[in-house]
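Peer 1: Chains as they are written, first to last, in this note's numbering: chain L, 1 to 148; chain A, 1 to 148; chain Z, 1 to 148; chain F, 1 to 148.
Careful, some of the hints might be misleading.
[To be verified] Quick list of in silico lysine-lysine cross-link-like pairs, DSS-like style, CA-CA up to 25 Å: (1) L:K129 x L:K98; (2) L:K110 x F:K129; (3) F:K7 x F:K110; (4) Z:K110 x Z:K7; (5) F:K110 x L:K121; (6) F:K98 x L:K110; (7) L:K98 x F:K110; (8) F:K121 x L:K110; (9) L:K7 x L:K110; (10) L:K121 x L:K98; (11) A:K110 x A:K7; (12) A:K121 x Z:K121; (13) A:K98 x A:K129; (14) A:K110 x Z:K98; (15) A:K129 x Z:K110; (16) A:K121 x A:K98; (17) A:K110 x A:K121; (18) Z:K98 x Z:K121; (19) Z:K129 x A:K110; (20) Z:K121 x A:K110; (21) F:K121 x F:K98; (22) Z:K110 x A:K98; (23) A:K121 x Z:K110; (24) Z:K110 x A:K110; (25) F:K110 x L:K129; (26) Z:K98 x Z:K129; (27) F:K121 x L:K121; (28) L:K110 x L:K121; (29) Z:K121 x Z:K110; (30) F:K129 x F:K98; (31) L:K110 x F:K110; (32) F:K121 x F:K110.
Please keep in mind that the hints were generated in silico from the structure rather than gathered at the bench.
Protein chains: 4
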Amino acid sequence: MLRFEPKNPDYRAATTRVFDGQPAMRTLGISIVALEAGEVALSMPYSASLAQQSGFIHAGIITTALDTACGMAAFTLMPPQSEILTVEFKTNLLNPAKGERFRFAATVVKPGRTLTVCEAKAFAMQDGKETLVAAMTGTLMALPQRDR
Amino acid sequence: MLRFEPKNPDYRAATTRVFDGQPAMRTLGISIVALEAGEVALSMPYSASLAQQSGFIHAGIITTALDTACGMAAFTLMPPQSEILTVEFKTNLLNPAKGERFRFAATVVKPGRTLTVCEAKAFAMQDGKETLVAAMTGTLMALPQRDR
Amino acid sequence: MLRFEPKNPDYRAATTRVFDGQPAMRTLGISIVALEAGEVALSMPYSASLAQQSGFIHAGIITTALDTACGMAAFTLMPPQSEILTVEFKTNLLNPAKGERFRFAATVVKPGRTLTVCEAKAFAMQDGKETLVAAMTGTLMALPQRDR
Amino acid sequence: MLRFEPKNPDYRAATTRVFDGQPAMRTLGISIVALEAGEVALSMPYSASLAQQSGFIHAGIITTALDTACGMAAFTLMPPQSEILTVEFKTNLLNPAKGERFRFAATVVKPGRTLTVCEAKAFAMQDGKETLVAAMTGTLMALPQRDR
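Please put together the full structure from these sequences, using the hints given.
Peer 2: Pasting the structure below:
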């Protein structure tokens, strides 16, 4: 595993601040469970209100958590005062998203001045057992100032 | 534009039933605004509770609506008694998802017995003007029986 | 269809120059058949030497032509002296790539100062009939100077 | 790392046979360097005839090798008499593909009766040093008989 050198000594507080600034995370019940330079893990409990027609969590909701995990992992390596936005992501759905709780683990694959690529996996936790439910690769962009 | 021949004469009712069976759609305030064989449009009002840190709708929420639009468009062409699941999708985020309301238009690009590929676009509507905010290509799978 | 305003009045010559600078295009027999601001079409004859195990053109070769079509379409809208590189692309394979000749049509979906998103389709031509064989969405990046 | 149980006791010979049946692999100079159940590595020397305008190997050629690596990794886990085809893949380009030789390592992430998802990475080798140049996630499909 690569070791990354954060450019922002205050990256933990800065990343947590961006995460806390996302109302969608509160709405979906998503929280940070691990945060290192280039690596972030999130957690979300099952909620029937976020299910699709079979009772599994909607693929888009799983993707919302994966995208945020990627964004936060990328953000830990960005310079102070950066803004971050998602350029693109792809999700492969691998198993039904059924479980009591879900874990989302993202890692930076390639940091860059402008673009950062991350990979993330979603796991369903049921009866103490974890199942891989989805995989994402995504591209995040750092905006030094408020323009694109 | 291709004209598609639905295999299920009752495709409108069947597709609406699957959509209505998704609690996530109610939670996010998403509704069907158009439904033809191979083409579906959804609508969602802006909600601050679904925003990311800049007040724009979270890319994952936009993706949730795009994925459902693709799934419903694909489902209109599937035989009666099919079940549908998402195999994969990719979203490119093109403009900030800011607006009073959002529209999601999906079209089947290639129907298939097992796999169907759809394209979908998300538009933000503000002051009577539409802006393209995201584009998805996704693969949906028809399950004839309850196994994969 | 969007009308695009090229920033480089000499965009035709500039784009053709970049295309001609790619040895891979000559190796694969790919040529430009149409070139407008934001839109490019390429053509490639069938070659058994580029086939996979069933005699169809390899998905990666189809992707090579689609990626170049996207890159050239994006490049037509970039300022003079730009360099271009591919950030990412996704290809959905829709039908077997069998035919006498192939056509690749790319369009810019969203131009940008740094990132441009394009869509492209590959068609197989056989006995005067065209079949859609693949669809790509890709992200291209403009480099103003020789750094990333 | 997951351990996979091949369904075809003869998977090595069967996979090698499919690989050898691809003229495109000979044309591009790609060979198998490792082959286990669920894991395949390929190798390709640099060739100026496969370069884009900066002398780096074209992203589509890198993708051709990654797709084949994914296909072969997926095929090792398929039952005897299967046919395989690529459903879709996405490539993120991470660093310029410059080097004396390239290595492509694919792993099955999720095997399935119909669909198998693989991840692959491309590395450039120069002066004894390896650099990650691209990452792919792809979906492969097993066809039990000659129909889709």
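Peer 1: Each of the hints needs a verdict: does it hold here or not?
Peer 2: Now for the hints, and whether the structure bears them out:
1. L:K129 x L:K98: OK: K129 (chain L) and K98 (chain L) at ~12 Å, within 25 Å.
2. L:K110 x F:K129: The hint holds at about 17 Å.
3. F:K7 x F:K110: 15 Å, holds
4. Z:K110 x Z:K7: This hinted pair holds, its Cα atoms lying about 15 Å apart.
5. F:K110 x L:K121: 12 Å, holds
6. F:K98 x L:K110: 17 Å, holds
7. L:K98 x F:K110: 17 Å, holds
8. F:K121 x L:K110: 12 Å, holds
9. L:K7 x L:K110: 15 Å, holds
10. L:K121 x L:K98: 15 Å, holds
11. A:K110 x A:K7: 15 Å, holds
12. A:K121 x Z:K121: Distance ~16 Å between K121 (chain A) and K121 (chain Z) Cα, so the pair holds.
13. A:K98 x A:K129: Between K98 (chain A) and K129 (chain A) the Cα gap is close to 12 Å, so the pair holds against 25 Å.
14. A:K110 x Z:K98: 17 Å, holds
15. A:K129 x Z:K110: 17 Å, holds
16. A:K121 x A:K98: Given that 25 Å is the threshold and the Cα spacing comes to 15 Å, the pair holds.
17. A:K110 x A:K121: Given that 25 Å is the threshold and the Cα spacing comes to 16 Å, the pair holds.
18. Z:K98 x Z:K121: 15 Å, holds
19. Z:K129 x A:K110: Holds, at about 17 Å.
20. Z:K121 x A:K110: 12 Å, holds
21. F:K121 x F:K98: 15 Å, holds
22. Z:K110 x A:K98: With a Cα-Cα distance of about 17 Å, the restraint between K110 (chain Z) and K98 (chain A) holds, given a limit of 25 Å.
23. A:K121 x Z:K110: 12 Å, holds
24. Z:K110 x A:K110: 24 Å, holds
25. F:K110 x L:K129: 17 Å, holds
26. Z:K98 x Z:K129: 12 Å, holds
27. F:K121 x L:K121: 17 Å, holds
28. L:K110 x L:K121: 16 Å, holds
29. Z:K121 x Z:K110: 16 Å, holds
30. F:K129 x F:K98: 12 Å, holds
31. L:K110 x F:K110: 24 Å, holds
32. F:K121 x F:K110: 16 Å, holds
Consistency note: the structure conflicts with none of the earlier hints.
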